[in-house]
Amino acid sequence: MNIHFFQFASLFYLLGTLASLVYIISLKETFSKLAAVVISTGFASHTLALLMRYVEAGHTPVTNLYESLSFFAWMIIGVLLIVNLKYRVKVLSSFITPIALIMMIFALALPKEILPLAPVLKSFWHPFHIIFAFLGNAIFTLAFCCGVMYLIQEHQLKSKKMGAIAKRLPPLKVLDDLNYQSLTFGFPLLTLGIITGAIWAEYAWGRYWSWDPKETWSLITWFFYAAMLHQRLTLGWRGRKAATMAIIGFLAVLFTFLGVNLLLPGLHSYANW
Amino acid sequence: MELIVIGLNHKTAPIEIRERLAFQESEIGTVLSEAKSLASVKEGMILSTCNRVEIFAAAREAEKAVQDLKGFLARHRGLSLMEFEKNLYLLMGEEAVRHVFRVASSLDSMVVGEPQILGQIKSAYNMSVESKASGLILHKLLHQAFHVAKRVRTETKIGNNAVSVSFVAVELAKKIFENLSRKIVLLIGAGEMCELAARHLVSAGVEKVLVTNRTYDRAAALAQEFKGEPIPFEEMNQGLMRADIVMSSTGSPEYLLRHDQIARVMKDRKQKPIFFIDIAVPRDIEPTVNDIENVYLYDLDDLQEVVNANIQDREKEARKADALVQDEVVKFVNWYKTLDVTPTIVALRKRFEEIRRKELEKTLSLHPTLSVKERQSMEALTSAIVNKILHGPLTFLKRTNGDMTTDLFLDALQTLFGLEAVEFEEEKDFQKPPLSSEGED
Numbered sequence: 001m002n003i004h005f006f007q008f009a010s011l012f013y014l015l016g017t018l019a020s021l022v023y024i025i026s027l028k029e030t031f032s033k034l035a036a037v038v039i040s041t042g043f044a045s046h047t048l049a050l051l052m053r054y055v056e057a058g059h060t061p062v063t064n065l066y067e068s069l070s071f072f073a074w075m076i077i078g079v080l081l082i083v084n085l086k087y088r089v090k091v092l093s094s095f096i097t098p099i100a101l102i103m104m105i106f107a108l109a110l111p112k113e114i115l116p117l118a119p120v121l122k123s124f125w126h127p128f129h130i131i132f133a134f135l136g137n138a139i140f141t142l143a144f145c146c147g148v149m150y151l152i153q154e155h156q157l158k159s160k161k162m163g164a165i166a167k168r169l170p171p172l173k174v175l176d177d178l179n180y181q182s183l184t185f186g187f188p189l190l191t192l193g194i195i196t197g198a199i200w201a202e203y204a205w206g207r208y209w210s211w212d213p214k215e216t217w218s219l220i221t222w223f224f225y226a227a228m229l230h231q232r233l234t235l236g237w238r239g240r241k242a243a244t245m246a247i248i249g250f251l252a253v254l255f256t257f258l259g260v261n262l263l264l265p266g267l268h269s270y271a272n273w
Numbered sequence: 001m002e003l004i005v006i007g008l009n010h011k012t013a014p015i016e017i018r019e020r021l022a023f024q025e026s027e028i029g030t031v032l033s034e035a036k037s038l039a040s041v042k043e044g045m046i047l048s049t050c051n052r053v054e055i056f057a058a059a060r061e062a063e064k065a066v067q068d069l070k071g072f073l074a075r076h077r078g079l080s081l082m083e084f085e086k087n088l089y090l091l092m093g094e095e096a097v098r099h100v101f102r103v104a105s106s107l108d109s110m111v112v113g114e115p116q117i118l119g120q121i122k123s124a125y126n127m128s129v130e131s132k133a134s135g136l137i138l139h140k141l142l143h144q145a146f147h148v149a150k151r152v153r154t155e156t157k158i159g160n161n162a163v164s165v166s167f168v169a170v171e172l173a174k175k176i177f178e179n180l181s182r183k184i185v186l187l188i189g190a191g192e193m194c195e196l197a198a199r200h201l202v203s204a205g206v207e208k209v210l211v212t213n214r215t216y217d218r219a220a221a222l223a224q225e226f227k228g229e230p231i232p233f234e235e236m237n238q239g240l241m242r243a244d245i246v247m248s249s250t251g252s253p254e255y256l257l258r259h260d261q262i263a264r265v266m267k268d269r270k271q272k273p274i275f276f277i278d279i280a281v282p283r284d285i286e287p288t289v290n291d292i293e294n295v296y297l298y299d300l301d302d303l304q305e306v307v308n309a310n311i312q313d314r315e316k317e318a319r320k321a322d323a324l325v326q327d328e329v330v331k332f333v334n335w336y337k338t339l340d341v342t343p344t345i346v347a348l349r350k351r352f353e354e355i356r357r358k359e360l361e362k363t364l365s366l367h368p369t370l371s372v373k374e375r376q377s378m379e380a381l382t383s384a385i386v387n388k389i390l391h392g393p394l395t396f397l398k399r400t401n402g403d404m405t406t407d408l409f410l411d412a413l414q415t416l417f418g419l420e421a422v423e424f425e426e427e428k429d430f431q432k433p434p435l436s437s438e439g440e441d
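Residue numbers (our numbering), protein chains in the order written: chain X, 1 to 273; chain L, 1 to 441.
Looking at chain L on its own, in the form it has when it is part of the complex (with noise of 0.2 Å):
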């Protein structure tokens, strides 16, 4: 089996091509199931959030198992394979490892050090369960990540500088008006996002909190939490009038505020700056809004630019945390080259126990008279002699296990002993979830 990462993120691709290939929430288990029917892939998750797109796979042939996922990706959005190639990155093995247990530390976020990636890494992966997509090496790739992820947030201050993309926001805001004690926040969409950049804001001293929703209902559940004030979605523009910042980020597909719209609200408000956050992916603000005078816009990228600038005090704490990854990565592997090691040993051990069983009968229907404790010795000194024969080999391979000559190794005892066939017959026990490995969390 290979691990297989294949993906792209706020790195390699920017955002018209993400927002393109973002998958929905409400989706991801319909597509998943159908992601199962590859006959390539074994095992399968899909991560969709703002700044990325990854399928983390196990597959026994990764080259047919890569050209598959790509074409999957690209007919699933109605792309073609061409558009987006050049900005997606492929990862296996020990590689595919570091990047999903990065990835899980928020090493690889846009704010490095933010916190928001690993519940989405949670949830992406109860989807993958819930659709019975992932299977013995997702669950414990996966179960690790988890804990690499709390080790790196106990362990470096990574985390201790609060960073996200509020963060940021606010010390944009900082620089357009100074302080925001007496600033108005007007939010247009009232989901998980929205609320955490608000409640930064509203951290940071600004005096009332908007909220507008398509659902009203929602708006105004979000408004109480802030004590703040629900606007109707139709009434959007009153906010707009009375807001400073405006931070947008609904699921709506096309653009939900446009320049002639805001242009208009700006000779209205007469000229008061506004500062417009858009953290929609796909966005929410049509870009040139940007160009309207006293009219900031920054997108997820935008921030991105920023929060490279402030990067160099996480680096320190970046490199011990990716030491650490690094530790655990050595660890996982070590437990997953077994799992070529593994079903040869349990093979070889059914092979000499099928000799054994066959031979002790053969024994012991020749002497019929034998008493039970007799037989009992003749049982346990079989095994014995069993067990003692395969100490050494077996003992041999798993310290050896992940040197250059283990598969010379395997492939000679496989051979040897007739094995071939049994690799097939132990998979449906790997595709249990080991139980024993999930307290790990």
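Just chain X, same shape as in the assembly (with noise of 0.2 Å):
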């Protein structure tokens, strides 16, 4: 049943997509919420969806890579409708919800069947670990997509060229701000993510830290992360330099997430499929 709801919502963010770009080309606002009430029918539909997994598995549904990638695409949609309650960029779901659409369709092709939870993974620590986790990474996601939106709207502006690209897309303050916003929310929320999940190995493996791949590359991301604040902070790296580096953030992050659990095996592999 969980599943036909995710399917259910899939076809909602594809029709959300296709809103948002006739919207994006036509600049019609009809599309614009027309796209927005999709969208939030899909983020519904997917929210009972993992709801009903979780009752049925009795653990937080994200143990094997279609959870993963179905749960990471319900944070950036439910990002997506936080930030539009405040910032009402509008094209702003043009760049995201193709991101989220992709994740599930790949998530189609996975094998579904919930698998028993391994007993090292059961731990109060697990449910904390992923949410902080995977928040983090949508919000950077959402850094990505703004960076690329700035670098977009720098090269119009610096070039001159302020035709229908640069009509279309939002003001460089407003990409700037979103993508430091991203920052200070995102980065928290990876630390704390790392940190929880330290705690939770301390619990399964009695080890704090293993140097294991998917660590190593939190790590580095995180590492990432933090001098891009710093960098922003004191030596005011902002516009075309921080939205690259999001866009660079964002390539560490999904690394961290596919890369290592496709290439690099490790404790964290049995999140495999």
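Treat the hints with care, since some could be wrong.
Dumping the calculated DSS-like pairs for lysine-lysine here, alpha-carbon to alpha-carbon at most 30 Å [what the hints assert, rightly or not]:
#1 L:Lys270 - X:Lys158
#2 L:Lys337 - L:Lys64
#3 L:Lys272 - X:Lys158
#4 X:Lys160 - L:Lys337
#5 X:Lys33 - X:Lys90
#6 L:Lys183 - X:Lys86
#7 X:Lys167 - L:Lys270
#8 L:Lys208 - X:Lys160
#9 X:Lys167 - L:Lys11
#10 X:Lys167 - L:Lys272
#11 X:Lys160 - L:Lys86
#12 L:Lys267 - X:Lys173
#13 X:Lys86 - L:Lys11
#14 L:Lys272 - X:Lys90
#15 L:Lys11 - X:Lys158
#16 X:Lys173 - L:Lys337
Hints in this document: simulated from the structure, not taken from any laboratory.
Got two chains here, separate frames each, mind docking them using the hints?
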């Protein structure tokens, strides 16, 4: 049953993507509103799917790649909806929703049966680790989109091409603010994710830190975002530099999330498929 | 007489050429006096703005005048004609009239419908009048141009969007800063352009205006108008540290702000973004400043490109305005053509009057006993005969004026009645400004 709701959500994210793409091309308000409604509906369905799976499995349903992707996409859409409440950057959904959609499609192709959670993983810390880490990742995804938009918009302004593209993208200030906000929320969440992960590891394996690839790459990502925050606060690295870093940072996040699982075997690799 | 417009504008010449050809307001008087010494040119005026350098002239031998004027421009700006001849446009007769009307109505402007050009033409015309360089044709042409501009402004919506360089600047500033409510503007130069642009920025919500100028008093005066703050010219960096938007429009012949200086300022500002608008020609800000991160530099040509993107809305109104201009061009051209017929008519009348007077005197001297009343009757009789005879041909001439055949008839009349020399005798009258037509504006 939860699978149906998941498929339903995927379909709505697809429609939402289409509507927001039509909006960014036509700039007709109707499509922006339509996209918002469709994506919210998809999100509701997705939430339902996750809740049902949680009840069915008896633990936070983030234990394999299908579940991870689904949870990641759910967080991304959630962040989009919250940001849209506050900032009303209407074109944002044209950039973010496709990313969530790709994750959903990827997930659809993966085995979906609920597996019993390995006893070592049953812990009070498990959901916290998952939520902090994925919320942080979702916020970095937002920063990534803002970074891409920033670079495009900045290029338009610098090269003095104030045409159709510039008209559609938000002002630089808005994008840079969002980038910075993402960093101030995303970085503490990433930190908490790593700390709760370490505590959980202490319970599960008796060691806070094992230097398995996932841990190593999380730490690399953490250092990268720490540097980004530091440069911003001390040297005023904003604008293009911040945007570029947000993009590179997201690639590190992606690698930590996917690349490590697929390419580098380690303790976390039970979270494979 | 042939009407000539020769010049270049933002569409035909890049800013590099325009800034080298532009005339300072203070030198135009002298330049016009020198231009008068060109034998081929009868009347002339110079319009020099940021976007165009044009000479309006009336000449008897158009081709010679064109060559003379081109040479004159080149000589005066210390350029070889080769360097800018490809940027020049040359318009004559009806085309020239249309061009002048379109320029005055702001249909040829970079920002179509912007109102500054009319004032610029008016002052260019005044300078020409003061240097006694304009005569009948330019008087009539310019007064009608002012009239057209007024009609275009009131009868179309072309000016409704309040488009101007400053409007575009505000649009751009919003793409960088989102809103301008807490932003600080620094004006470099206290000229009219700056003032206008600043007014626009203030009405868009800018918080504070800083003004710096070589003459501190003028900076202080302009700052006071905006309840802003004057900054001594030497302490400009202090203003650059605080400002978010910098608008420069000084008459400086070389760059005022250079790459290295701005790069240093950006470091001190901790990379806080800054938007430079360089509306000076020649430019005040080194173009490579745009390459610095978080710095956005737009000069007049760049603003033009932005304008092009917005221009579609105004195209409909501009088309309406063009139809209106066409009406006025026809009116002017009709008047202008009578210039050829008028001297002929005047000469013809004069010739007939001479004959009448001579014959009348001959007759009267043979009959010395005639009473005053009888003499008056004869006077009236001969006048009536002359008028009756001339009435048909003159009406015909006026009516067919402008036809292909007019020249033929004029030529015939002049040959048959030996009128050749008259045109030149009449010229004195035509150089007086026709006061009656000046009330149009």
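Each hint tested on the structure:
Of the pairs offered as hints, the one joining lysine 270 of chain L and lysine 158 of chain X holds, with about 20 Å between alpha carbons and a cut-off of 30 Å not exceeded. Proximity of lysine 337 of chain L to lysine 64 of chain L is assessed by CA-CA distance (about 21 Å); at most 30 Å being required, the pair is judged to hold. Using a Cα cut-off of 30 Å, the hinted pair lysine 272 of chain L and lysine 158 of chain X holds, with the two alpha carbons roughly 16 Å apart. Between lysine 160 of chain X and lysine 337 of chain L the CA atoms are separated by roughly 47 Å; this puts the pair beyond 30 Å, and the hint is violated.
In summary, the hint linking lysine 33 of chain X to lysine 90 of chain X is supported, as the alpha carbons are separated by about 9 Å, within the 30 Å threshold. Between lysine 183 of chain L and lysine 86 of chain X, the direct Cα distance comes to roughly 23 Å. Compliance with the 30 Å bound is thereby established for this hinted pair. About 28 Å separates the Cα atoms of lysine 167 of chain X and lysine 270 of chain L, which keeps this hinted pair within 30 Å; it holds. The suggested pairing of lysine 208 of chain L with lysine 160 of chain X holds, with an alpha-carbon distance near 27 Å, which does not exceed 30 Å.
At most 30 Å may separate the alpha-carbon atoms for a hinted pair to count; lysine 167 of chain X and lysine 11 of chain L meet this at roughly 24 Å. Taking the CA atoms of lysine 167 of chain X and lysine 272 of chain L, the gap is near 23 Å; set against the 30 Å cutoff, the hint holds. At roughly 26 Å between alpha-carbon atoms, lysine 160 of chain X and lysine 86 of chain L fall within 30 Å of each other, so this suggested pair holds. Between lysine 267 of chain L and lysine 173 of chain X the alpha-carbon distance is near 19 Å, which keeps this suggested pair within the 30 Å criterion.
For the given pair, lysine 86 of chain X sits about 44 Å from lysine 11 of chain L by alpha-carbon distance, which is inconsistent with the 30 Å threshold. Distance check on the hinted pair: lysine 272 of chain L and lysine 90 of chain X sit about 26 Å apart at the alpha-carbon level, within 30 Å; holds. Between lysine 11 of chain L and lysine 158 of chain X the alpha-carbon distance is near 22 Å, which keeps this suggested pair within the 30 Å criterion. Restraint check: the Cα-Cα separation between lysine 173 of chain X and lysine 337 of chain L comes to about 60 Å, which exceeds 30 Å; the hinted pair is violated.
The structure is inconsistent with the numbered hints 4, 13, 16, although it conforms to all the rest.
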